[in-house]
Every structure is written in structure tokens, then in C-alpha cells.
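Novice: Protein chains in written order, with my numbering: chain A, 1 to 542; chain B, 1 to 367.
None of these hints come from the bench; they were simulated from the model.
Each hint should be verified, as a subset may be incorrect.
Here are the simulated SDA-like pairs of lysine to any residue, each with C-alpha atoms no more than 25 Å apart in a straight line [what the hints assert, rightly or not]:
1. A:522 / B:321
2. A:522 / B:343
3. A:293 / B:122
4. A:522 / B:357
5. B:357 / B:265
6. A:522 / B:325
7. B:199 / A:522
Restraint-style ranges between C-beta atoms, simulated for each label pair [unchecked claim]:
8. A:508 / B:177: 36 to 44 Å
9. B:106 / A:448: 26 to 34 Å
10. A:460 / B:136: 55 to 63 Å
11. A:124 / B:195: 51 to 59 Å
12. B:21 / A:134: 47 to 55 Å
13. B:106 / A:534: 44 to 52 Å
14. A:444 / B:195: 41 to 49 Å
15. B:58 / A:534: 52 to 60 Å
16. A:118 / B:58: 39 to 47 Å
17. B:354 / A:508: 41 to 49 Å
Just so it is clear, the structure is predicted and the values come from calculations on it, not from any experiment.
Yeah, the Cβ is synthetic: ideal placement off N, Cα and C, and Gly gets one too.
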Amino acid sequence: MKVDLYNYIRAAQKMNRRQMLKGTAAMGAVAMMPKGAAHADGHASVRAEILKIPGVGAGSPTDSDWQKVGEMCLGATKENVTEGEFAGVELTFMGLNNQNLHNFLFRGFLKPWEAYTGAKINWIDLAQADYNARLQQSIATGTVDFDIVEMGAPFEGDVLGRGMASEMPDWVKEQIDMDDYVDYLKAPVGTWDGKTYRVSIDGDCHTFAYRKDYFGEGSLTGRDVPTTWQEINEVSKELVGKEDPLTGLPAHGYLDPLKGWGGFGFYFLENRASAYAKHPNSPAWLFDPETMKPMVNNPAWVQAIQDVMDLIEAGAYPADQINADPGTTAFQQFLAGTGSMLMWWGDVGSSARTSDTSVVGDVVGFGINPASDRVYNAKDGVWEETLNEAPNMAYIGWGVYVMATVEGDEKKKKAAWSAAAHLGGKDLSLWASAYPSGFQPYRQSHFQFEEWEEAGYDRAFVEDYLGSNADSYNHPNAAIEPRIPGIFQYYSVAEDELAKGYAGQYGSAQETADAIAAAWEKITDQIGRDSQIALYKASLGL
Amino acid sequence: MSTEGDLLHTVTADDISDRRRATGRALVWGSAALFFGLALMQFAHDTDRTTLGFDTWRPVLFAYLLWATALCAAQVIVNGEKGKRTLFVLPAALFVISLVVFPLLFALYISFTDWNLASLNGPQPNGWDNMRQMWSDAFYWNALKNMVYYVLAVTVEYVIAFGLALLLNAQIRARKFFRVVFLLPLMLSPVAVSWMVGKSMLEVRFGPVSRIVREMGFEPSFFGTPEIARFMIMAMDAWTFIPFMMIMLLAGLQALPREVIEASKVDGATGWQSFKEVIFPLMLPVSVTAIVIRIIFKLKLADIIINVTSGGPGGATDSVTSFIFREYRDRSNVGYGTLLAMVYLVLIVIFITLLLKLVSRFMERPA
Chain A
1 MKVDLYNYIR AAQKMNRRQM LKGTAAMGAV AMMPKGAAHA DGHASVRAEI
51 LKIPGVGAGS PTDSDWQKVG EMCLGATKEN VTEGEFAGVE LTFMGLNNQN
101 LHNFLFRGFL KPWEAYTGAK INWIDLAQAD YNARLQQSIA TGTVDFDIVE
151 MGAPFEGDVL GRGMASEMPD WVKEQIDMDD YVDYLKAPVG TWDGKTYRVS
201 IDGDCHTFAY RKDYFGEGSL TGRDVPTTWQ EINEVSKELV GKEDPLTGLP
251 AHGYLDPLKG WGGFGFYFLE NRASAYAKHP NSPAWLFDPE TMKPMVNNPA
301 WVQAIQDVMD LIEAGAYPAD QINADPGTTA FQQFLAGTGS MLMWWGDVGS
351 SARTSDTSVV GDVVGFGINP ASDRVYNAKD GVWEETLNEA PNMAYIGWGV
401 YVMATVEGDE KKKKAAWSAA AHLGGKDLSL WASAYPSGFQ PYRQSHFQFE
451 EWEEAGYDRA FVEDYLGSNA DSYNHPNAAI EPRIPGIFQY YSVAEDELAK
501 GYAGQYGSAQ ETADAIAAAW EKITDQIGRD SQIALYKASL GL
Chain B
1 MSTEGDLLHT VTADDISDRR RATGRALVWG SAALFFGLAL MQFAHDTDRT
51 TLGFDTWRPV LFAYLLWATA LCAAQVIVNG EKGKRTLFVL PAALFVISLV
101 VFPLLFALYI SFTDWNLASL NGPQPNGWDN MRQMWSDAFY WNALKNMVYY
151 VLAVTVEYVI AFGLALLLNA QIRARKFFRV VFLLPLMLSP VAVSWMVGKS
201 MLEVRFGPVS RIVREMGFEP SFFGTPEIAR FMIMAMDAWT FIPFMMIMLL
251 AGLQALPREV IEASKVDGAT GWQSFKEVIF PLMLPVSVTA IVIRIIFKLK
301 LADIIINVTS GGPGGATDSV TSFIFREYRD RSNVGYGTLL AMVYLVLIVI
351 FITLLLKLVS RFMERPA
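Put together the whole structure using the sequences plus the hints.
Specialist: Structure representation (C-alpha cells):
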């Protein structure tokens with residue numbers, strides 16, 4: 001769970017002493033039970049027990065809690081590994097140290113695993129800003145000095161495409177119960193050429209956040225919450241000249257970030273474009289998988305760019321929007337009461353109620369990526385007048401991968417996979433999604449809300465907020481990111497061209513889109529068209 | 001002991017045998033041959049011309065270190081006492097060659113390849129392709145054009161810095177206090193300035209400056225239009241670096257011969273006349289130095305732009321360095337990015353050389 005969401009729930013629920021004691025008493029009772037009884041319904045009780053560490057409302061978990069959880073979730077490992085089996089094995093794990101989470105948690109989780117198996121893990125901790133460069137340089141210079149890596153799915157093209165990772169053994173698939181993953185994290189995500197490589201530990205997607213005081217009866221607009229991009233543009237234009245009910249400043253509709261964000265800003269044009277461009281008849285919506293010809297200048301994408309240009313033209317954005325990146329739209333605008341609609345990752349939902357600078361906590365609602373009332377069929381080159389929904393699975397989330405450095409040493413390989421499987425275990429991941437870890441829920445079993453309720457969470461909030469994630473994850477027409485080498489290069493150059501287009505330096509949306517397409521063609525040629533085609537197809541599972 | 005030649009600087013006169021000289025030379029040439037031999041073999045190995053070779057270039061590096069050590073040792077073996085004197089400088093020279101000349105040559109090679117970190121093939125020489133791409137790259141030329149604006153802004157900075165230096169040189173109250181206060185912006189990192197000023201004080205919605213502007217009845221937008229955005233970047237950069245010019249000029253002012261200025265006063269010159277005819281001409285060498293150094297700083301301008309506008313709106317504030325940064329960090333485009341940097345380096349060298357040539361006559365203090 002994201003830290004701020006956890007803090008919110010803790011604060012919002014104001015867990016009282018009685019509730020706390022109830023939890024503690026239950027723990028005590030469990031501890032006093034004879035061993036046999038505790039194992040009677042082992043699996044279910046482990047889940048209930050770990051959710052009580054340290055207990056919702058009992059402060060942020062510490063290293064000793066992580067170790068306890070790691071210890072209690074060792075059951076699955078013990079079924080596949082005998083005690084001391086990996087004695088003498090040393091592994092190196094490269095991951096992040098964001099917010100003192102990620103690797104810090106993994107250390108705690110893996111400590112009991114190390115004690116049981118006899119293996120030793122060395123750690124490479126990286127700040128988020130250093131991560132991409134370190135990974136890319138390691139790959140490009142052939143200096144991979146780690147055996148296990150925490151990595152986002154967009155880099156799978158760079159790593160899996162080069163055969164630098166170790167294929168997941170079947171026993172790991174069973175141990176981590178991959179069938180439990182939400183639909184979009186199942187193959188082809190995590191796979192390459194039909195082989196599986198990724199132990200998922202996180203899920204990611206963009207969801208829609210809106211202000212309830214702008215929509216519904218007696219609200220500022222008097223309209224229902226927009227469900228299509230067409231409605232969003234209409235209402236955004238209608239709001240010009242009106243006053244925000246919370247702040248008394250000018251009211252605004254949808255907040256598009258018009259400034260780049262190191263490539264990440266392109267995800268936000270994708271939110272609009274996916275509804276127009278992601279036709280259910282094909283997983284491809286950014287490139288033609290046969291030729292790698294960019295689709296970014298087809299009528300669907302041009303419509304998305306045109307939508308933004310229309311709102312610029314209508315003066316529907318806040319002043320200086322040309323200089324607003326996604327961080328600004330979310331944290332300095334939407335949460336601070338400017339604008340009424342936004343697409344973002346889960347953080348916005350949680351920050352809405354926990355951040356000191358947020359004024360929209362009581363009036364924020366969530367939904368999935370808006371639809372379009374027509375969709376472009378790229379295969380036939382025609383618009384189809386049917387409603388199309390296509391949630392944008394932006395970034396796809398973190399996973400744990402084992403590098404090919406372990407190949408050739410069976411003991412080391414098994415040890416590395418066992419460590420990865422432990423981190424991506426079904427029970428352990430429930431704890432990680434319920435407590436501050438930096439990770440979102442990503443398994444069907446994470447959405448069993450009664451488990452959360454039993455652990456002491458407010459069911460209404462959990463259901464409302466996580467529901468929008470679950471609906472996006474399991475959507476049959478989810479728009480999945482292409483996991484090809486250099487995907488962020490494409491995004492970054494597109495941001496530069498979009499900035500020119502939005503600043504009026506190109507004649508039209510079509511010209512802007514053509515400029516992006518031309519720049520993408522250059523990148524494809526530079527990286528190698530044939531290999532990109534092959535890797536793109538592989539990533540789409542074609 | 002010899003009784004001829006440079007006796008003053010000779011501690012001992014070595015009697016070096018021919019055999020010893022030959023050994024020294026063999027040491028140098030032998031290690032050089034090993035170094036070049038290994039380098040050639042490794043190059044052939046990397047370009048798939050032979051299977052003979054190593055996984056990495058590290059053995060070649062060791063051979064280079066061996067050659068460097070042999071070269072140093074040979075100085076003493078061949079030249080004896082005189083060689084020891086060479087040893088005081090030679091390691092430093094080799095160090096510079098290793099860390100400056102070699103990387104520069106390597107960068108030159110990289111800049112003529114299509115090296116993209118995401119490419120499966122690694123760096124492949126691509127002739128003049130990068131140069132052609134640069135020629136038609138509107139973003140690069142736009143950034144160069146912006147650099148002209150940014151460099152021109154130095155003249156305004158100079159005028160302000162000179163004014164402040166004159167003020168701080170005058171007999172004013174709390175002079176020392178003001179000198180420290182006026183230096184403070186220089187002590188701030190430009191990254192801090194971009195966040196504290198660009199992203200906080202000038203933030204459109206809640207920034208205090210924006211509020212004042214709104215109170216005055218205007219709608220604030222500091223980075224919305226190309227001209228204003230460029231001006232704001234210039235202003236923030238100027239705020240950070242004017243103190244630097246100011247302190248150089250102040251040092252110059254304090255070093256001026258007082259008798260000349262006093263003489264001008266005795267001759268009845270007004271304040272303006274004494275500035276125009278005496279102080280300013282005397283200050284020219286310091287002024288030119290300050291301006292040239294400031295221009296060199298300015299040509300590296302990137303941090304404020306990257307943090308505040310990312311080059312926007314529509315490239316209006318992009319500097320060459322911030323554009324190359326995007327090409328490198330966001331697009332891992334090492335080959336093209338290096339070429340842009342090399343071209344920029346050449347442009348800077350030409351520009352600074354011409355500038356120095358042009359101002360050289362001002363650099364000497366008038367007699």
C-alpha cells in the first residue's frame with residue numbers, strides 16, 4: 001500500500017483503544033493455541049495473522065515487523081527448499097530505496113529466508129532518479145553485477161529482449177500462484193517469447209479522479225459525472241468563467257499536463273488516446289506490429305491531441321498550464337482545489353485525504369479512464385460509432401526478476417528464484433498491499449474486502465478507492481504499454497514535439513502528430529527496426 | 001665529475017653506460033609494443049576480426065599503466081639525475097592525458113556512432129549521419145539561438161554588477177554587512193534557486209509573487225509566453241551570478257591606484273567624468289575578465305531551465321546543455337548527444353578565442 005493511503009486510513013479511522021486491544025487479544029489467543037490447531041486452517045489464519053502485524057493504527061511497521069511477516073510467510077518456501085539447502089550461496093539484489101521502502105522491506109522479509117536457507121544476500125540500493133541510468137548502463141556495457149533485480153515492466157524489452165534474464169522454473173509459478181494475478185498482469189506481461197520471467201510485486205494503472213461538488217444534482221455544473229472524453233471536453237468548456245465552490249477562484253474542468261515530465265508526461269495524452277485508439281480487435285495501439293510504423297499520427301491520436309488544443313483555444317485551462325507537468329496538475333492544482341477532473345496513479349486518491357495541502361478530501365470521487373463514443377479501427381482505417389473503454393495501464397508496476405548470471409549454477413539459480421518467489425508470495429503480498437510498502441494490490445485475492453475489514457480497515461473507503469483499480473486491471477480492453485527497448489525515448493521525444501504543438505509552433509494537431517511520428521521512426525531506425533518489430537510482437541504476445 | 005655545461009643545476013654527473021641506456025629504451029618500447037599490440041588485438045576481437053582477445057578492455061588498461069610506469073622508470077635509467085627532474089612533471093602529464101585527452105578522443109569516436117543504450121547492437125559507426133541529423137534538428141538550432149539571447153543578457157548583468165560594485169566600494173553604512181548579503185545568492189545552488197524562486201515564489205496559484213501580481217489586478221503567468229519565460233530564466237540566473245561579477249569588479253575597484261582618482265578630483269573632474277575617464281578605463285581589464293568568465297558560465301546554463309521549464313514553452317527557454325541533457329538522460333541517445341556536445345565545444349572554443357582576440361587590447365591597463 002502507498003504510505004500516504006495508509007496514513008490516511010490510520011488517521012481517518014481513529015482506531016480506539018478497544019479496537020486495538022481486540023486485535024492484540026486475538027494475537028495473544030493465536031499465540032497460545034496449540035500448534036496443530038494453528039495449522040488446521042493454516043493458509044487463512046496466516047493471512048489473518050500477518051494483517052495484525054503491527055495492527056492497523058498501531059504505527060508504521062518497522063524492520064522487526066517485516067522480519068516477523070517474512071518468517072510467518074516462509075511456509076511456501078519450506079515446501080520447495082530444505083533447511084540450509086543454499087548454504088554458501090551469495091546473491092546480489094538491486095532495487096530502490098524510495099521512501100525507505102522497497103529494498104528496506106525486502107531485507108526484512110528475506111532475513112528469515114536467509115536464516116532458513118543458509119544463503120546470503122548483498123544489496124545494491126538505488127534512488128529512483130539513479131535507477132534508469134544504472135540499469136541502462138549495466139545493460140549497455142555488459143556489466144550486470146546483480147543476480148536479482150526489482151524492475152518496472154517497461155524495461156522488460158531492454159532486459160528480457162536481450163536474453164539477460166533467467167526463465168522462471170515451473171515450481172516458482174506454482175509457489176506464487178500466478179493464476180491469482182489480476183488479468184492484465186497475466187501473460188504477455190512478464191513473459192517474452194512465451195517464456196515467463198517476472199514475479200509481480202505491484203500493479204499500476206491510471207484512474208479517473210473527479211470533484212463531487214462539480215457534478216450531480218445541485219452541483220456547479222448540474223451534470224452527471226462525465227463518462228466520455230467528449231463529455232469531459234464539453235463540460236471543461238462550459239466551466240470557463242465560473243467560480244470554484246471551494247476556493248472562490250476560477251473553476252476549471254479536466255487538467256491536462258501540457259509540459260513534459262521526463263517521458264512520463266506522455267502517459268497523460270495516452271489516457272485520452274487509449275479510448276479513441278485502443279480498438280478491442282488488437283492489442284497494438286502505438287505502433288503497427290508488422291512494420292513499427294507509428295500509429296501516433298492516425299486519426300485517433302490526432303483527435304486526442306486536438307482535444308487538448310481545443311481546450312487551450314477555449315481558455316479552459318488554468319493560467320500558465322503550458323508550464324504544468326503531471327506533478328503540478330495533481331499536487332499543485334487538483335489537490336489544492338484547482339480543476340475538477342484528473343487522471344493519475346493511485347497516489348492522488350490517497351493524498352486527497354492525507355496531504356496537508358489537499359482541500360478536496362471530502363469531495364473526491366474515483367472511476368476508471370473515461371470512454372469515447374467512437375473508436376478508430378486502425379485495421380480498416382475507419383471510425384466506428386461505438387462506445388469504447390480502454391483503461392491505461394501506465395507503467396504496469398514493479399516486479400522481481402532473476403538475471404541470467406545465475407544460469408550454470410543450479411544451486412544459485414534455485415536460491416535466486418526462491419528469494420524472488422518469497423517476495424512475490426501470495427500471503428506476503430497481501431501484507432504489502434495493506435501496509436506501507438510502495439506497492440499497490442495486484443492479485444484477485446487482494447480485493448477480498450472482508451479480509452481488509454477483518455483486519456480493521458474501513459470497508460467503504462477501501463471498496464470505493466480500490467474498486468476503481470480493480471475495474472481497470474480486469475478490463476477486457478485494457479491498453480497495455482509496449483514493453484520494447486527504449487520505450488521512454490519515444491515518450492520523451494513525443495513530449496518535446498507536443499510542447500511545440502501546444503505552444504502553437506505547429507500548424508495543427510495533425511502536424512504535431514506527424515512530427516512525433518517522424519521522430520519515432522528515427523528512434524526505431526536507430527535502435528534497429530527488425531529487432532524492434534520482433535520485440536514488439538513478442539511483448540504483445542503476437 | 002664533469003667540469004663543463006650547466007653546473008649550477010647539476011647535483012651529480014651521471015656516467016651512464018650504453019647498455020643501461022639500451023635497457024631503458026627497450027623497457028619503454030617493449031611496454032609500448034605490448035600496449036599497442038594488446039589494443040589492436042582487442043579492437044580486432046571487438047570488431048569480430050579475430051577470436052583472440054579478452055572479455056573486457058581491462059588488460060589493455062593494465063598494459064597502458066605498465067607503459068606509463070616504464071616510461072617514468074626509463075627517464076631515470078636513461079638520463080640519470082636529469083631524468084629524476086623529468087619525473088616531477090611526467091606523471092602529472094600522463095595523468096592529464098589519461099583523463100582529458102583520451103576521453104576527448106573517445107568522445108570524438110562516440111559522436112560518429114549511432115550509439116543508443118537501448119540498441120541491441122551497441123555503438124556502430126554511422127559516418128556523418130549524426131551531423132546531418134543535427135543540421136536538420138530544429139530543437140538544437142533553437143537552443144543555439146536561445147544561447148545567443150542568454151549570452152547577450154550578460155551585458156545587462158555587467159551593468160548591474162558594476163553599479164553594485166561601485167556602491168559597495170563607496171563609503172556607505174554597514175558596508176561589510178551589505179557585501180556579505182549581496183554575495184548570498186552566489187552561495188545558493190542554482191537547483192535551490194529554481195525550486196525556491198521558480199517553482200515556489202513564482203508558482204502561479206499560491207506563490208507569494210503571484211499573489212501580489214493578482215492583488216495588483218493582473219493575471220500572473222511567469223513562464224506562459226516565450227518572451228516572459230526566457231526573461232524569467234535570465235533573471236533567476238542573473239540573480240545567482242551577478243554577485244560573482246560584482247565581487248570581481250569590487251576587487252578591481254579596490255586595487256585601483258587612489259592617487260590617479262584623487263588627481264582627477266584635484267583637476268576638477270565631476271563624479272561622472274572621473275568614472276568615465278579614469279575608473280572605467282582602468283577597470284577594463286577586470287571587466288573583460290569578469291565578462292568572459294561569466295559568458296563561459298552562461299554557456300553551461302542548464303540546471304534552472306531543466307528544473308523550472310524543461311525548455312518550454314515550446315522550446316523558448318531551452319539551452320544547448322538542457323537539450324543535450326534530455327537527449328542523454330531521457331533518450332539514452334549517447335552517439336548523437338555526444339556529437340551535439342562536441343559541436344558545441346568547438347563553437348565555444350571558436351567563440352571564446354575570437355572574443356579574447358577582440359578584447360585583448362582592453363586587457364592591458366592603459367599606460
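Novice: Please flag the earlier hints that this structure goes against, numbers listed from lowest up.
Specialist: Numbers 4, 5, 7, 8, 9, 11, 13, 15 and 16, in rising order.
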